[in-house]
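The chain contents come next:
There are 2 protein chains.
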Amino acid sequence: MKTRHLISTTALTFALAGVASANDLRDYARDIFEPLPSTIPALADNPVTPEKIDLGKALFFDPRMSASGVFSCNSCHNLATGGDDNMPTSIGHGWQKGPRNSPTVLNAVFNEAQFWDGRAADLAEQAKGPVQAGVEMANTPENVVATLNSMPQYVEWFKASFPAEGDPVSFDNFAKAIEAYEATLITPAPFDAWLNGDDNALNAEQVAGMELFIDKGCASCHNGVNLGGNGYYPFGLIEKPGADILPEGDKGRFAVTETADDEYVFRASPLRNIDQTAPYFHSGLVWDLKVAVQIMGESQLGEDLNDAEADQIVAFLGSLTGTLPQVVYPILPVETAMTPRPTGEVK
Amino acid sequence: MKTRHLISTTALTFALAGVASANDLRDYARDIFEPLPSTIPALADNPVTPEKIDLGKALFFDPRMSASGVFSCNSCHNLATGGDDNMPTSIGHGWQKGPRNSPTVLNAVFNEAQFWDGRAADLAEQAKGPVQAGVEMANTPENVVATLNSMPQYVEWFKASFPAEGDPVSFDNFAKAIEAYEATLITPAPFDAWLNGDDNALNAEQVAGMELFIDKGCASCHNGVNLGGNGYYPFGLIEKPGADILPEGDKGRFAVTETADDEYVFRASPLRNIDQTAPYFHSGLVWDLKVAVQIMGESQLGEDLNDAEADQIVAFLGSLTGTLPQVVYPILPVETAMTPRPTGEVK
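Those protein sequence lines, which keep their order, are chains A and B. All letters in the first sequence, in the order written, are residues 45 to 391 by our numbering. All letters in the second sequence, in the order written, are residues 45 to 391 by our numbering.
Derived by calculation from the structure, the hints in this document are not laboratory data. Worth double-checking, as some hints may not be accurate.
To be verified - As a list, the in silico SDA-like pairs of lysine to any residue whose alpha-carbon atoms are at most 25 Å apart: (1) 172(A) - 390(B); (2) 334(B) - 385(A); (3) 334(A) - 194(B); (4) 141(A) - 390(B).
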């Protein structure tokens, strides 16, 4: 299990009281948070090339990667709507509902692990999940590879993306190409500009919200480049929410580690673009960001955030909403007689 | 009912025999077909402006226009895959199957009427259909307008698109904006280049295929700018296909006109990009373009096209596959507390 990034709230409060100037505050914030890098991050065992990015984009948008031909990665991680699907939990194959809220794909490359319970180490491993999940895309690795091999254009793109490999069209490489594309989905935000030295990038309310965010202890779990996504915490550290927010059937990371300590433990949600991705929490049962902030205050920090405080924090969170690089919609390879036919059949 | 564009096969054969040069052939072909225009066509009562195009694109790609939040126009008319969805019939709300194959949106603006039975006079009228169909997007005009009004960015875009109107956010204007966007989805193809004077745009097999296409009588129904889409004909003019291709329950245009003459009458399919949009016919039950061509030969013309002939016609049809203008994927307005929540409920 990854190290938890816990910062003592008391220490923060103390330190913050001594902050004198904007630059001191920035230096202090930079010890807790980190601006997005200006370049696409390197991936373990997966060099990012232009060919691989283009292939990954095609795969990301291709509904033929699902058994039914209805769903692509983009269906639930829609780049038009903050990288998610604006539903409590996604609707998938056979009109089945998934168990957890779809997290945004934007900046996901900076999470230490993927899924709400961190069960995938990276985006390549993640990409293999929904494709096979019976309630999502309901496909099989064999059928994905048969589909890809049936279209000469895809075979060419795989060759160009994995030039050293004799048999480049594989489920592993399918996942690696998607990971490479997703690594480009980075959204620099006003908060990055502020961390990088632009005093005018945040307004006074947003700066006050950031100070509160640190002072109240939110940053104890929501820190680093993604303000979260890098540690696991019990939902209800101080006070466990009711089943209307924390359904009892979903014990979170317990399913991964089978350790009693991990009951109702979830990955701290990364907070970039959070005001674009309602509804909130793994259950997707809270639609209002301010309400979500207040629930977090109570359940995780024992803090009863008043309206003005919650408003300031929400204003700060708005400064995390960034700009996606322009996405040109792909033209996908055409099917052939060999392409497996789509089936909406529910097994 | 619109005039049927019937051309006498005998007259064509006679005329073709006298064609001496490439230019004569081109002049002759231009009497039957028409190249795409170089500009976006004007729409009746709907001036096309850049603002309206952008708004229409956002609406076209917005899954929140469906009750469930799962389907956008682009779901079944996917610009990545030839403007359709590669399924016999689409899967929609509640995993229900639609009754007819989804036609391509590409160049649809040039069809004389929309839908397989021509029941919508134009693309604006068409756009209102699937949004409300219970088996497709299952929404209501009231809910669409409430959704749009809940997002200030959409309200602004409607104001900019319909500047003279006091209450621009309406279901009518929703449809008009989509129509304006769809009018831009035009795909110039090698055949257009050939019609415009470029001898090298088609190879010898494609030219031979075009001559056969005219000579055998295909062009009797498939003519004009879209090589179809401009007249209604009985499927089975000469020989009625079996229920494996022509399901008895779907009587086509009869449902629109309630005239016995219109039983099993359908709009002649427009043929641009046809090799990108399998499966074929209103039933979507034929996957192979060559087979589809041979079925048409038999059922509509009483012609038993041999393999070589069908191959040549398929080669010609390949020259109708064009290039879509680059589509930049839109960033959609974010929901607010007023936005109606998505529901997958099936009524």
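Take the C-alpha atoms of residue 141(A) and residue 390(B), compute the straight-line distance between them, and say whether it is at most 25 Å.
Cα-Cα ~14 Å, so holds.
Is residue 334(B) within 25 Å of residue 385(A), Cα to Cα?
Holds, at roughly 18 Å.
Are the Cα atoms of residue 172(A) and residue 390(B) separated by 25 Å or less?
30 Å, violated
Is residue 334(A) within 25 Å of residue 194(B), Cα to Cα?
Given pair residue 334(A), residue 194(B) holds - Cα atoms ~18 Å apart, limit 25 Å.
Checked against the numbered hints listed earlier, the structure breaks hint 1 alone; every other hint is satisfied.
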